[in-house]
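Make the full structure from the sequences, and use the hints.
Take 1 as the starting number for the sequence shown in UniProt numbering and just add one per residue.
Keep in mind that the hints were calculated from the coordinates and are not lab data. Beta carbons are placed, not taken as given, at the ideal position from N, Cα and C, and that holds for glycine. Among the hints, erroneous ones may be present.
Here are the simulated distance ranges between beta carbons [stated by the list, open to error]:
1) Glu16 / Arg60: 21 to 31 Å
2) Glu144 / Arg93: 50 to 60 Å
3) Ile99 / Arg132: 31 to 41 Å
4) Ala98 / Thr40: 41 to 51 Å
5) Arg92 / Gly113: 27 to 37 Å
6) Gln154 / Val119: 45 to 55 Å
7) Ala152 / Ile118: 47 to 57 Å
8) Asp84 / Arg136: 50 to 60 Å
9) Ala100 / Tyr125: 14 to 24 Å
10) Gln151 / Tyr125: 30 to 40 Å
11) Ala98 / Thr37: 44 to 54 Å
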Amino acid sequence: MSIRRLRASNFCGVRERRSGAFSVEIWFCEKRLVLGTFDTTEEAAHAHDAAEWRLLRPRRDMNFPNISSQRAQDLAPLPRLFTDEDRRVHRRRQRRLAIAEKDVEALVLWCGGYPQDIVDECQFYKQLRSERDTRRRERAAYREDKRSQKQAAQLKLKLQETSGWDFENEQLADACLQTSEEDITESESEIDE
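Encoded structure:
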């Protein structure tokens, strides 16, 4: 369904704006598609023809029926059709944005009304960070202690093999030698719990 305004121009689908520019619109599936505004009526008419050609309309509805199809395709890009799904996505994004804005407003009001809660929350997270750092330091010290015990046991074993010297506490040496890196990390996680 094309709109013809002979007062503005002699072309189908072209309207003259108050600013002097020419706008182009076309109807598709009971929807009005605005294709844009152009400086001259000929450019607007070519854009209308390109849209008609892309929508597989008959040549008799076009302003320039003798122009080839390829030329019509080059004159104007495919118009963007907004589907119902596009509208649903847009509404969903608008709702999420409105909720986020209301959350920010509520947080600002809450911060203004309850400043002591903000101070308490900051102190809570500061204490939580310090406890976590303490646990990390303890785990690192525990791992380092286990590694040093293992190295000492390996050194004693090498000394015993080379010198033939008999150590008093062989059970300690065997326990340390059998400890692997996996055992160190497993026992470390048991300590955390």
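To see whether the hints hold, each was checked on the structure:
1. Glu16 / Arg60: 21 to 31 Å: Holds, at about 24 Å.
2. Glu144 / Arg93: 50 to 60 Å: holds, 52 Å
3. Ile99 / Arg132: 31 to 41 Å: Holds, at about 32 Å.
4. Ala98 / Thr40: 41 to 51 Å: holds, 42 Å
5. Arg92 / Gly113: 27 to 37 Å: Holds: the Cβ-Cβ distance is about 32 Å, inside 27 to 37 Å.
6. Gln154 / Val119: 45 to 55 Å: holds, 53 Å
7. Ala152 / Ile118: 47 to 57 Å: Because 51 Å falls inside the window, the suggested range holds.
8. Asp84 / Arg136: 50 to 60 Å: Because 54 Å falls inside the window, the suggested range holds.
9. Ala100 / Tyr125: 14 to 24 Å: holds, 23 Å
10. Gln151 / Tyr125: 30 to 40 Å: holds, 39 Å
11. Ala98 / Thr37: 44 to 54 Å: Because 32 Å falls outside the window, the suggested range is violated.
The structure shown violates just one earlier hint, number 11.
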